[in-house]
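One-letter residues, chain by chain:
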Amino acid sequence: MHKLTAIPFFLLLMFLQGCASTPLRGTGDLGVVIERAVGSIQVVETTGQTRLGQITGLGDLSHASVNYSRDERYAYIFGRDGGLTKVDLLEMRIVKRVMQSGNSIGGAISQDGKLVAVANYTPGGVKIFDAATLELVADIPALDDNGKLSKVIGLVDAPGNRFVFSLFEAGEIWLADLRVPTQPALTKFKNVGKEPYDAMITADGRYYLAGLFGEDGLALLDLWNPQVGVKRVLNGYGKGEQKLPVYKMPHLEGWAATGNELLVPAVGRHEVLVVDQGNWKEVGRISVYGQPVFVVARPDNRQVWVNYAFPHNEVVQVIDVPSRTIVKTLQPGKGVLHLEFTPRGEQVWISVRDEDRVKIYDTETFEKIGELPVDKPSGIFFTPRAHRTGL
Amino acid sequence: MVFPSLAFADLPSSARQTELLNLVRQDCGSCHGLRLEGGLGLPLTPVALKEKSPEALKQTILYGRGGTPMPPWNPFLTDAEAAWIVDTLMKGLP
Numbered sequence: 001m002h003k004l005t006a007i008p009f010f011l012l013l014m015f016l017q018g019c020a021s022t023p024l025r026g027t028g029d030l031g032v033v034i035e036r037a038v039g040s041i042q043v044v045e046t047t048g049q050t051r052l053g054q055i056t057g058l059g060d061l062s063h064a065s066v067n068y069s070r071d072e073r074y075a076y077i078f079g080r081d082g083g084l085t086k087v088d089l090l091e092m093r094i095v096k097r098v099m100q101s102g103n104s105i106g107g108a109i110s111q112d113g114k115l116v117a118v119a120n121y122t123p124g125g126v127k128i129f130d131a132a133t134l135e136l137v138a139d140i141p142a143l144d145d146n147g148k149l150s151k152v153i154g155l156v157d158a159p160g161n162r163f164v165f166s167l168f169e170a171g172e173i174w175l176a177d178l179r180v181p182t183q184p185a186l187t188k189f190k191n192v193g194k195e196p197y198d199a200m201i202t203a204d205g206r207y208y209l210a211g212l213f214g215e216d217g218l219a220l221l222d223l224w225n226p227q228v229g230v231k232r233v234l235n236g237y238g239k240g241e242q243k244l245p246v247y248k249m250p251h252l253e254g255w256a257a258t259g260n261e262l263l264v265p266a267v268g269r270h271e272v273l274v275v276d277q278g279n280w281k282e283v284g285r286i287s288v289y290g291q292p293v294f295v296v297a298r299p300d301n302r303q304v305w306v307n308y309a310f311p312h313n314e315v316v317q318v319i320d321v322p323s324r325t326i327v328k329t330l331q332p333g334k335g336v337l338h339l340e341f342t343p344r345g346e347q348v349w350i351s352v353r354d355e356d357r358v359k360i361y362d363t364e365t366f367e368k369i370g371e372l373p374v375d376k377p378s379g380i381f382f383t384p385r386a387h388r389t390g391l
Numbered sequence: 001m002v003f004p005s006l007a008f009a010d011l012p013s014s015a016r017q018t019e020l021l022n023l024v025r026q027d028c029g030s031c032h033g034l035r036l037e038g039g040l041g042l043p044l045t046p047v048a049l050k051e052k053s054p055e056a057l058k059q060t061i062l063y064g065r066g067g068t069p070m071p072p073w074n075p076f077l078t079d080a081e082a083a084w085i086v087d088t089l090m091k092g093l094p
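Quick mapping for you: the protein sequence lines, in order, are chains A and B.
Counting in this note's numbering, the first sequence runs from 1 upward without gaps.
Counting in this note's numbering, the second sequence runs from 1 upward without gaps.
Be careful, since some hints might not be right.
As the list claims (entries may be wrong) - DSSO-like cross-link-like pairs, simulated, lysine-lysine; straight-line CA separation at most 27 angstroms:
#, chain 1, residue 1, chain 2, residue 2
1, B, 52, A, 148
2, A, 148, A, 86
3, A, 231, A, 148
4, A, 194, A, 231
5, B, 50, B, 91
6, A, 148, B, 50
To be clear, the hints were calculated from the coordinates, so they are not data collected in a lab.
The following block holds chain B by itself, in its conformation from the complex (with noise of 0.2 angstroms):
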């Protein structure tokens, strides 16, 4: 299986959705690009991502990559929220 499924109660609000994928054009797409193809930060594409594990992925979103400027982004995000913005990632922003 490509994808880690989400169970239903683990996805966040669409509220939340709204915020998360706002944070990722724009936050993490200062360093990832706004089509997130790549800057100071490695692509994010489906395509780059496909080889990846979705566990290691949401290990990097939410506690940094060291030796890197990739930062832990635990303070502001839920494990449930990470895995959701992995899936979200892989499969490609909407």
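The following block holds chain A by itself, in its conformation from the complex (with noise of 0.2 angstroms):
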């Protein structure tokens, strides 16, 4: 009698296990799309193209950004309202979240991966948590000399396993050095400008450069060379011109580096600057559709994708790098919010927000080749951001 339970029940294990274990796969065409209202991510694949599934309750993701985990399969997703969310690709699942402050701004992870560093708003600072498990291991208040607490923008991980950042309100810069990570060593750099409000560090690890909104001029720090201390560079790029009223603040992260020649969006300007990175000086002005959100470079560098603040938002427009000149102009729908390349760059995802859509764009021909429902989408993040440093 027992026997013949016995086997039956043994089929039905086996049978059940093969419907647990889903084919393998990894994670190099991954990636996360925020839908910002509803505080939920759709994960996508740019192989065929698809959405694999939506993980909900993330919380107020307006202004959210991802980094990824070195083996590109965790996702951390930084919310507005300081939620720090740990996701699993491939399981589909929350596996942590912790509300970390009461406002944040966006995230970095370490050369090694095995920190996660958080930029606050509320409060002002930085906290660095084990990416593994998402304990705390060590908070950086950003007080100034008066006792007064910034805004922390423009976190990025440097070579070093070091972070650096910058104080809002009070104009600095501070790297912070996280090889003992429950004492990071902190070197202040201080009066680098009025308001720097975001910032970005090139792809190489060398040069953090930091955007100022209360004047024209940019604070760049040489990390090969730190104690050189924070030069300003491209001062006054703007003098005498009245400056337009600014309806979304630029974003520095996507800054095109293309090889000797850095590609940046011109505050409260209809222009994308072109500055040469041996000596830091402008060497062109490109005229653009409206006030440029994010500039980005196209893996090869050959093509810069540019989008626009509010009311410019429905257009994106492509500049060829060697003439500096706009080749396309494409209308993808109102409120186009973040755009991402493929790795090796043949297509680019826009994503447009008032139509609840993903674009997917051949860079080549500049055909929409499709699309994908997306409720209010913002950022567009693929895993091989996992192994670029300050993304």
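If you follow the hints, you should be able to join the two separate chains into one complex; please do so.
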């Protein structure tokens, strides 16, 4: 009797196990699209251009950004409401979620992949977490000499297991060395300029550049020679001209570094500035359709794609880098918030907020080759960011 | 009186109200947070605005606030629309 029932049970067990194990897959063609209004993400894949699933319950995702673990399996989602969520892209679930502050703006993952840092507005500062467990490892309040807290912006990782970030109100850049994770060693650079509003680090991890909202110019830190201090570059690039009101802050993490030139959005102008990375002088200006928000180079650096602030946010333009001319003006639809290239740049994915669509374009023909329904899409983040400094 | 009462004739049409709500949530939300609980800009929740003057808030929307990133919205909004937005923010967005 026992023998008879044992066999079907064994078969049933094998059958169930077969069902539970999905086919093996890698994660190099995966990505996350933020659904900012409903507080969820869509997990997507770029090979077949499909959605793999939705993960909900991530809080206020306005201005949300994503970093990836170095194995490209886990995404760290930074929400506006201070929520930090670790998501498993393969099992399509939340691994851990912590409310780490009242108001946050973004994060970064360390060179060794073991630490996740979050930049906070309220209370102003940086918190460092264990990337595996999301346990708090260190807390760095952004206190200036007067004992006032600043909003922290422009947080990036740098070689040497360091993080670099800027203090909006204080006008400072701080370098935090996390080689001993529980004891961050801070180097502070003061009086770097008025109201640094965002920053980026070049792909080689050498130069940290903060855009200044309070004045025309950029603050530059050479991480190979930090003893030299922070230098001001592109001083007064708009002197004598009336700056336009800014309806959306430019984002600098997408600044296009094209080898020897850097293309940067001009704050409050319908212009992209071309900067020579050798001497940090402006060598050209490209007139564009609106105030640039993201200025992003295709991975081969031949093209730079630009989107714009309200009320020009229905258009995306393509700049041909060698000739510095606009070779294409696309109209994906109202509310273009972000764009992201596939790892080698044959496609670009564009989020069109007011149409609840992500539209996919061929970057050679400029033809639309696909689209996916996504609720109020904002940031698009593909997993190859895992292996790029500053992303 | 806490809220400025809007004359019926000053109310934006319901189609325009939908547009304005989208503008407040999405475009104001870029700096003030999608839940209007603050970000680069200050919180715009009913509690945060309770003590503020509706007229001053309207002026800030229309003309921006010098020395801060808050831009003037008067190229895109009429006086009555700005007043309606203030009223709506003070009551809480639907």
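Verification of the hints:
1. The straight-line distance between the Cα atoms of residue 52 of chain B and residue 148 of chain A is roughly 25 angstroms, inside the 27 angstroms bound, and the hint therefore holds.
2. Proposed proximity of residue 148 of chain A and residue 86 of chain A is contradicted: the alpha carbons are some 31 angstroms apart, above 27 angstroms.
3. For the hint linking residue 231 of chain A to residue 148 of chain A, the alpha-carbon distance of about 24 angstroms falls within 27 angstroms, and the restraint holds.
4. For the suggested pair residue 194 of chain A and residue 231 of chain A, the alpha carbons sit about 13 angstroms apart, so the restraint of at most 27 angstroms is met.
5. This hinted pair checks out: residue 50 of chain B and residue 91 of chain B have alpha carbons roughly 9 angstroms apart, not beyond 27 angstroms.
6. Distance check on the hinted pair: residue 148 of chain A and residue 50 of chain B sit about 26 angstroms apart at the alpha-carbon level, within 27 angstroms; holds.
The earlier numbered hint that this structure contradicts is number 2, and it is the only one.
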